[in-house]
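Asks: Protein chains in written order, with the numbering used here: chain A, 104 to 734; chain B, 330 to 708.
Think of the hints as simulated: they come from the structure by calculation, not from any bench. One or more hints might be untrue.
[To be verified] Below 25 Å or equal to it, Euclidean Cα-Cα: the simulated DSS-like pairs (lysine-lysine) are:
#, chain 1, residue 1, chain 2, residue 2
1, A, Lys668, A, Lys710
2, A, Lys659, A, Lys632
3, B, Lys678, A, Lys710
4, B, Lys684, A, Lys714
5, A, Lys717, A, Lys659
6, B, Lys401, B, Lys626
7, A, Lys717, B, Lys678
8, B, Lys678, B, Lys467
9, A, Lys676, A, Lys715
10, B, Lys686, A, Lys713
11, B, Lys626, B, Lys678
12, B, Lys678, A, Lys659
13, B, Lys686, A, Lys717
14, B, Lys678, A, Lys691
15, B, Lys625, A, Lys659
16, A, Lys723, B, Lys678
17, B, Lys551, A, Lys715
18, A, Lys668, A, Lys717
19, B, Lys686, A, Lys710
20, B, Lys626, B, Lys573
21, B, Lys573, B, Lys551
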Amino acid sequence: MKTYVPGATFVHTSETEDLVERLLGHPSQPSIKPITVDALMNDPARGLAGVEHVVVSGPLETIKGITLLAAEYGFSVGAIPTDKQRRLARFYDIPGDVDAAIDLALTADPMTIDMVLCNGYVVLFQATVGQLPMLDAPIDAGKFSMLKAALLRIFKIDLIKYRFATQGGGEIITAASGCMILHHPKGSMAGRLIANDSTIADGSVSALISAPMSVVKYLKFLLQLMIPAGGNVTLPSSIGYLKSPVIEIEPGTELDGYIDGEKQTRTPLRCEVKPAAVRVNVGPAIRSEGTTENLAAERVDVDKLPRGKELKKAWKRERIPFFSYASEERFQDLFTALRDDSKINGLYLVLMVLSTMLAAAGLYLDSASVIIGAMLLAPLMAPIVSLAMGLLRGEETMIRNSLVKILAGIAIALIASSFITLIFPYQAVTGEMQARLNPSLLDLAVAIISGVAAAYSKSFKEIIQSLAGVAIAVALVPPLTVAGTGIGWGDFHFFSQAFLLFSTNLVGIIIAAALTFRILGFSPAIRSKRSMGIVLCLLALISVPLCISYGRIVEKRLMEQRWQKERFLVNGKYIIVEQADLRGIGGKQVVVMEVVVRDLLNRQDLKEFKKKIKIHFPGKLIVRVKTIYLP
Amino acid sequence: MCLTRRITMIIFTALLAFGCEPAPPSITPSGNIIKIGIIAPFSVSDVAKGEEGLRGIHTAMAMHPLLNNGDKVELVVRDDQNNPAKAVQALKELTHTEQVAAVLTLSGSETVLAMAGQANVHQIPIVAVLATHPDVTKDNHWVSQICFDNIFQGQVAAFFVRDDLLVDRVAIFKTPTNIYSSNLAAEFKDQFRALGGDVTDVVEILGEEADLVQTLTRVREKDPELLYMPLAAQDVIAIQQVLKQIGWDPIEMASDGLLATVISQHTEHLDLLDGLLATEFFHYLSQVTEFGQRAKKAHKGRATSYTAMAVEGFSILLDAMNRCDDPADRDCINRQIRSTTDFEGLIGKISIDAKGKAHRPLIVNGIKNGRMQYIVKVY
């Protein structure tokens, strides 16, 4: 059952004086002693003598003042927010309705909570230093306006040197754009990030450090904040997190300190928590959080902040660069793996032979599943990705090793497949082989997307298994095997088309992977510009036949579609073209048609039909007709 | 000069050499003018045929400003109001007073049939662009049809209904006072029956709306799946309104020129006519030839099948004139028109036989969501 305080002192301003009558009209009939803020502050000892409970309504400064006095004199506090103090209402979970807020303010069941002070100033919600785009926005602000404001600041952000210290002796030297001290996660975008790790009575103060190392990382951070992940909230890539009873913040240059949005102090900032300092009437949502004895008293999560060489670069720059730079120590494992991938070894050679043999068997059997097996077995993707990184970072050893490994792989595949071709007694062009003889711009698109995916999945251990999917999508060994088959048969067209497809994949992956690594911050610039220029020239050269081929494919599809709307009246017989497949066989255009007719077609009819096609359709077309008869 | 610059220059020169089309040989104007007569309805009724057609003729003239010998072609235009007597009078004037080399007419079948009766008398080549009645070329040596005739149109419509739409039962509507309508309705009926289809009714439309409700209710009782309507646009619209009124939604098919008239004169009824099919001369979504692409570039503004047919008709006439030593020689022009072989029209090849009959593709169009939809092309 709810119990109420028998009496209370009501601290008000002239704007909130009319609440006295409503307090007196509360069903519990409390004894209310009204007093203005000014009168109380003139002589608080006299005004608060023997007072057990204070109800306060007025500006935020008044409420903070009463909170300080509550800590000193030990009375409990009930706050009645004004219409404009929505954040305060949300912070203490106070109902929006005034009568309900009065009811809560007069309840005799206060919760003991912490009080946070920064340089001696009471912090109700947050204290900020520097630039904190989007983090400092209230949670109820419109997403569009928040995003717009954050994007407008995109090229104004700079990182400066910061020193952070915690009570436990932790000292962090980093670069950051700003820092936010939070009393409680409720009510701000920043609070979302630590909602599971902080309460109003956990004996600690929380600090979020913002350090976007590049525009790309900043955009990623905005995206993470706008679209929060479901249950488990993880810190975005540009954010560090400290939690301690005391946190000291010292930027390289002196900055203003904002307490609850008001400029009140200067750095350095010392923020400390006064555990269980005040008793406040709070709503059920805050009460249900309870105290957090189980949480770690101190937490330092600064892995995502700049460190090592990154610090020097961050401190040097006035504005953050577009792409970030990651120091080698951060991605030591990846670089080690890529260097290993670039080195040729027996395992690689054996796997190349096996995958080529498997691909050749799959191609002859016209079996997609066997060919997929060969794609998964093929080890070619690894040196290509290493080559991309080598070109990006200008690492000559990596470039040389990767090139040797790739060329050796190509040679093995071509030799092995041409030998296998000589063993097979027949020259059957299967559908799977045919599919690799018409590369177009679409194949280049597949290679580029695969290159991005390959670099991306290689960069993150948690998605490394996705590389198998990339290998299937881009399929490096089957085109090489078809090219080798072309050599075995002495068919240059066969060889050139399949090898063009392989070259498309190779060049596409190298360029896309290098750019992806660049965007992900593995290099401050494309170092080996000459080598990259050669690859780009190769891309331009390859693009010419691919463009022509693409044009042909589009023309073919359009023509096939058009054919489905063609009808012929031949010798009094009506011929409906149901399907048409345009094929280029040995330099000749062959159209294979499926036609629907009701009357029996004789040779004379077919001759007339072909004659009409010859008259009305340009180019030399060889017509093959399959007939379906309507009953 | 460095190697890179040399290579760039070689590539650039090669591109220039292979990438540019050779310019067409220029024709020197001779200063001579050859007159061509145009007879078309520009007032009273069927105005769209005249106006849209004349736009097409101007497009063809823009594509061929001079004949190959440098002579310039000049138009002498007469409005026949789609009236046979006025058309015959105009033909006489153009032949003898204006001394035109040939006459191109955009009028309907009834009017052209009247002109055809006088063609042997005047001995002047007449190019009938839109008149599809088969008798337009009968018993005369001077009239040539650029369009397909009703025999071909009726036959294709019957095949399309039976084999593409898989419809077995149709009702036919015709205007008995209109020669074109009666003729095409009869051709379709004969062809459809010959193909084993069932003609449930042949309804005569006399333009009295009060009768239409009763008529269509009666027709509905015999359950035809399709209504074949070689009628004027206003009659088709009236039928459609009554069909809505009585809640009946059969497949409907009309004939050449219907959609062109709706698009140019009755756009407010496009929604009402949604789903209507019609045999036609042209659709811009059909495969357009190189000649069609050039015409598209030269033409300004809206294009209907009347416009397209006029472009083709006038171009065939100019082509025939170009093949004569004297481009004003009427006899030669007539012979050359009637020996046109595989002329590249807008959507396919056109040939005209010795009897003056055109052999050309036919299009089936429809109206869907207020737009003309290309359904099929029949060769």
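Asks: Sort out which numbered hints this structure fails and list those numbers smallest first.
Replies: As far as the earlier hints go, 2, 17, 20 are violated by this structure, in ascending order.
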